[in-house]
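Engineer: When you get a sec, could you build the whole thing from the sequences and use the hints?
Protein chains: 4
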Amino acid sequence: MAAINLDAIVTHIAHDLANRSDRGKVADYIPELAGINPNQFGIAIIDYDGNVHAAGDADVPFSIQSISKVFTLTLALGIVGDRLWRRVGREPSGNPFNSIVQLERERGVPRNPFINAGAIAVTDVLVTGHQPREALGQILRFIQFLADDPTITIDKAVAESEKRTGFRNTALANYMKSFGVVENDVDFTLGVYFHHCAIAMSCRQLAMAGRYLAHSGRHPATDLSVVSAERARRINALMLTCGHYDGSGEFAYRVGLPGKSGVGGGIIAIAPGKASIAVWAPGLDRSGNSHLGRIALEMLTRSTGWSIFGT
Amino acid sequence: MAAINLDAIVTHIAHDLANRSDRGKVADYIPELAGINPNQFGIAIIDYDGNVHAAGDADVPFSIQSISKVFTLTLALGIVGDRLWRRVGREPSGNPFNSIVQLERERGVPRNPFINAGAIAVTDVLVTGHQPREALGQILRFIQFLADDPTITIDKAVAESEKRTGFRNTALANYMKSFGVVENDVDFTLGVYFHHCAIAMSCRQLAMAGRYLAHSGRHPATDLSVVSAERARRINALMLTCGHYDGSGEFAYRVGLPGKSGVGGGIIAIAPGKASIAVWAPGLDRSGNSHLGRIALEMLTRSTGWSIFGT
Amino acid sequence: MAAINLDAIVTHIAHDLANRSDRGKVADYIPELAGINPNQFGIAIIDYDGNVHAAGDADVPFSIQSISKVFTLTLALGIVGDRLWRRVGREPSGNPFNSIVQLERERGVPRNPFINAGAIAVTDVLVTGHQPREALGQILRFIQFLADDPTITIDKAVAESEKRTGFRNTALANYMKSFGVVENDVDFTLGVYFHHCAIAMSCRQLAMAGRYLAHSGRHPATDLSVVSAERARRINALMLTCGHYDGSGEFAYRVGLPGKSGVGGGIIAIAPGKASIAVWAPGLDRSGNSHLGRIALEMLTRSTGWSIFGT
Amino acid sequence: MAAINLDAIVTHIAHDLANRSDRGKVADYIPELAGINPNQFGIAIIDYDGNVHAAGDADVPFSIQSISKVFTLTLALGIVGDRLWRRVGREPSGNPFNSIVQLERERGVPRNPFINAGAIAVTDVLVTGHQPREALGQILRFIQFLADDPTITIDKAVAESEKRTGFRNTALANYMKSFGVVENDVDFTLGVYFHHCAIAMSCRQLAMAGRYLAHSGRHPATDLSVVSAERARRINALMLTCGHYDGSGEFAYRVGLPGKSGVGGGIIAIAPGKASIAVWAPGLDRSGNSHLGRIALEMLTRSTGWSIFGT
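Just so you know, the sequences run in chain order S, P, L and Z.
Per numbering that gives the first Met the number 0: the first sequence ends with 310, consecutive numbering throughout.
Per numbering that gives the first Met the number 0: the second sequence ends with 310, consecutive numbering throughout.
Per numbering that gives the first Met the number 0: the third sequence ends with 310, consecutive numbering throughout.
Per numbering that gives the first Met the number 0: the fourth sequence ends with 310, consecutive numbering throughout.
Keep in mind the hints are simulated off the structure, nothing from the lab.
Predicted model only: the values in this text are computed from it and were never measured.
Please note that the accuracy of each hint is not assured.
No copy is singled out in the list; a pair is fine if it fits within one copy or between any two copies.
Lysine to aspartate or glutamate pairs mimicking DMTMM-like chemistry, simulated, CA-CA at most 25 Å apart [unchecked claim]:
{"hint": "1", "residue 1": "Lys155", "residue 2": "Asp6"}
{"hint": "2", "residue 1": "Lys24", "residue 2": "Glu103"}
{"hint": "3", "residue 1": "Lys162", "residue 2": "Glu133"}
{"hint": "4", "residue 1": "Lys24", "residue 2": "Glu105"}
{"hint": "5", "residue 1": "Lys24", "residue 2": "Glu297"}
{"hint": "6", "residue 1": "Lys273", "residue 2": "Glu229"}
{"hint": "7", "residue 1": "Lys24", "residue 2": "Asp284"}
{"hint": "8", "residue 1": "Lys162", "residue 2": "Glu31"}
{"hint": "9", "residue 1": "Lys155", "residue 2": "Asp58"}
Structural biologist: Below, the structure written as structure tokens:
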């Protein structure tokens, strides 16, 4: 492992991708995100010893969107434990990220915590017993703690933009509410959901926040246990099977690491026992995952041999 | 790693499971399989150095059924390379193993090579340019080679039983034929499919046959390259995301290893760089995967720390 | 035809059904409707000459629910004409009344104006350019005019009850809004929708209101043209193919008249050129249609030979 | 009604349609049908008194295809009565004619006897207890009897062509067989199915064969009762709701008569108590129904006022 020069690798990747013309398509369904410059690219790796290896726009904050679902899942499991699984499944969906079809067939229980419906159900767990503002504060502080960075904030313009236009998510939430899977006021739960999706982080901050998943559940800076080692493995497993919507199989096939994407163009990926990684490129592929982000991670696992599926 | 006593672990697992009363339900849709004694259990591990650690009914042959799909996929990739992916996808299906719904939505292209439809499409590739008997001989000899064991045979009674009753598979094959995804005579392709599913192997033989996937694609006995290291990783990734039908997420979550199940009650699992593992218990869970087999593997990864998702 | 004694027929039907024990199940998903006494039954026929033949609880008002969709469709066609069909289809859905699956497959365009999604889209047309209160007033006055009865009112308790609990309808409306099929504020459109479903009418009033569909589109009391004869035929055709949700085929098969049911237990049926008919019995069958109401109409068409499918 | 000049009407329709350039698309999935000249058009009406009014290519035989399903349904109801409905439903499908999706959801029971799956299940009833050749002979003789024409034959080239290429129908039949809905050897049932679909008839012959449905179930030439008056009405109702696949609603809306189409371009339509009608134009619309055939019938009901939905 010592022989891997991560600084050279990330520099090479950033340089290589700068010249690509096939950059995917910036998400346009959240108006506030539609204007992002598609030519940006960032990558940051925190290795096991805590060294940061970054290149490109690694310090530019972007909207983490669905990547926040990893952190809300972690929080919700801490609060209600395995009772969470009464409200959300653990299987890949075989459908696009915002599909409602499966909910009808399976009585309002979403297939996994990483599709929109599942993440709304998880958020609902965090809202129970709290004012929305409190629930949101708890999520934000948890992410700030994970990243060792109190400057991380929510981009309110993005949250408001999604709130005004998020009709499909509103449909999903009401649909689950009709089956009792969402328990709180739909507006409360969706308000918290839209806001935690609108958290803005850089690749560096995101990679920092993901360290506990590479360290068997421990927060390396404080050595506190964020989750048990078993739970960390299980969250990684869920990211591997469900973290890229209906492109999860493809990501596992090409990259070979647990990961979670967001429509802001970010991806967090975990090399267990080795590193926490974040990449960002705003253009998306047809499944709604960062096009160049996935290619960057594919280059990275080729160079490092970090695939969990063998050397 | 040296401290792990695999012999003790497999003995303990076999002993523990012998007393379980919740053994799942033996598959009854293939008449010839319906009469299997559900109280059997076997486990075999081939570690990286080639040592065998076995317990229970590890030398009793059983019908490998869908586990054969790992070997036919490997063969087909060797023959047509990535052109295979024009005919079959790489995503989890989100549906039961014999579902036909997705085929209609996606113009006859099955979601992955491990659901029935996908495996039939892969078999069709192996039939092209051959008589069915030749294609079947090639598959059998490949598995014998992988397992270093020329005694492995096909259980003709099982093959005939499935041929007589396999109406859903016949429906799937004809459906794909209507879209040109199956190219050969449906009876030829299905004949080969039913027969390779009817190959009988013991846990020991199966674990032997899986070694190349734990050894970066190399056959350890001969050091021949069965597939490239990259392809071995990718087959492992497909097993992780799609190897247990609509229970693949659950298997990844609980066991944390790439694996492939069959309705005969067998499961092959791969700990990359560490071991090839086979378990067998005839009773199935609701998703059609061996109930005790999965539990055995969960106990194994807990004891060994072999999960690919972290220690 | 002159020999048909309608008074005797309706008396016989009411008497016969009074003794039935299989009365279906009162809808419980709108709390305010769940407490209705299931032993009520009413029937009213307005023949072509305007004579009323009624029996049972023909003057007890009940919640017309989805029967209102016939009148809102008529109104909306009057306002936007065939442009309406850009937003809603004309085919049976093959799915339950509140299904959302088809909307995803067909980009938010509901299959017909009589399933919930379709009726919400039609209501949205009536809301455009108006305050909700105005739109609702227009619908109510239209029904009062059709029935020659200014005393017809909205049951506000039912409307409020559905508004508080109508999460699936809220999901449908938001889903269509995400595709632009609903144009107005979802709360406005749903408010009007819930209120027009909560209009309370007796069988007598409902049969009066339906006369124009039996009279080639003319209002017999005033001889005003409500719709053209062609449009009256077409509304009848839509009722025949789509008026009983996923039990429309069964209703056509058994009754043989265009009709529209509501979960309040009412059904309006049209014998073109002969009569307008309303029945009411609160218990529903599995498709959500009045169980005894359908049986009453089956008895009626047997006695009268009024089936549109032959004598 | 006496004033309707049917000869003038059919002549006018044939003349008007001769000049149309939008003729739809000839079915190409049965190779033998793909070469039909799309410029043909025929119409024949048998009025209640037995007079024939014909125009265009009314005496050119064409492949009746799915129109045969009306006659096989009539025969099967005669043999097993309402027990038929254990194997096939009576609801519109909301899906294309050859869809298999619904079968999976509803355990192999097709939605109605006029989609392919349903008609195969009905054919299977006719095959039970017979050699395929006998069953087919019975169907053919029944149609010859209905049409008073012993010269009607099966186009063997069409039957063979469909047998060679009918993979989707083979899929449907095997799928139903897996649920026990098809009871006989799949090849037997499909052989009979493909052959009765390949019966060739002219508009004149087809209109003759349909008379019993306009005459309350009686065969006017012999005054024999083919089916009871109630059953005739019910078959008409099924044609209205399900006779044009996923275009049934549209046909009811525009034409307003019970009808059944075939992919050969024919349509039979029934004006109960008035006439039996057949039209033929080979080009199909998107739902698989004759494009000009439907327009011809729409012109006819406008001119005659024969809609069952009012004058």
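Engineer: Against this structure, judge whether each hint is valid.
Structural biologist: Now for the hints, and whether the structure bears them out:
1. Taking the shortest Cα distances, lysine 155 and aspartate 6 never come within 25 Å of each other, neither inside one copy (34 Å) nor across copies (58 Å).
2. When the C-alpha separation of lysine 24 and glutamate 103 is checked against a cutoff of 25 Å, the pair qualifies only between copies, where the shortest distance is 22 Å, while the shortest distance within a copy is 30 Å.
3. Taking CA atoms no more than 25 Å apart as the test, lysine 162 paired with glutamate 133 passes inside one copy only; the shortest distance there is 19 Å, against 28 Å between copies.
4. Proximity of lysine 24 and glutamate 105 under a CA criterion of 25 Å is satisfied inter-copy only: 23 Å between copies versus 32 Å inside one chain copy.
5. In this assembly of identical chains, lysine 24 and glutamate 297 lie within 25 Å of each other by CA distance solely inside one copy; the values are 19 Å within and 41 Å between copies.
6. For a Cα distance limit of 25 Å, the shortest separation of lysine 273 from glutamate 229 qualifies both inside one copy, at 17 Å, and across copies, at 20 Å.
7. In the homo-oligomer, the alpha carbons of lysine 24 and aspartate 284 lie at most 25 Å apart inside one protomer (7 Å), although the nearest pairing across protomers, at 35 Å, exceeds that limit.
8. Proximity of lysine 162 to glutamate 31 under the C-alpha cut-off of 25 Å is restricted to the intra-copy arrangement: shortest distance 11 Å within a copy versus 32 Å between copies.
9. For the homomeric pair lysine 155 and aspartate 58, the shortest alpha-carbon distance inside one copy (20 Å) is at most 25 Å, but the shortest distance between copies (56 Å) is not.
Checked against the numbered hints given earlier, the structure breaks only hint 1 and satisfies all the rest.
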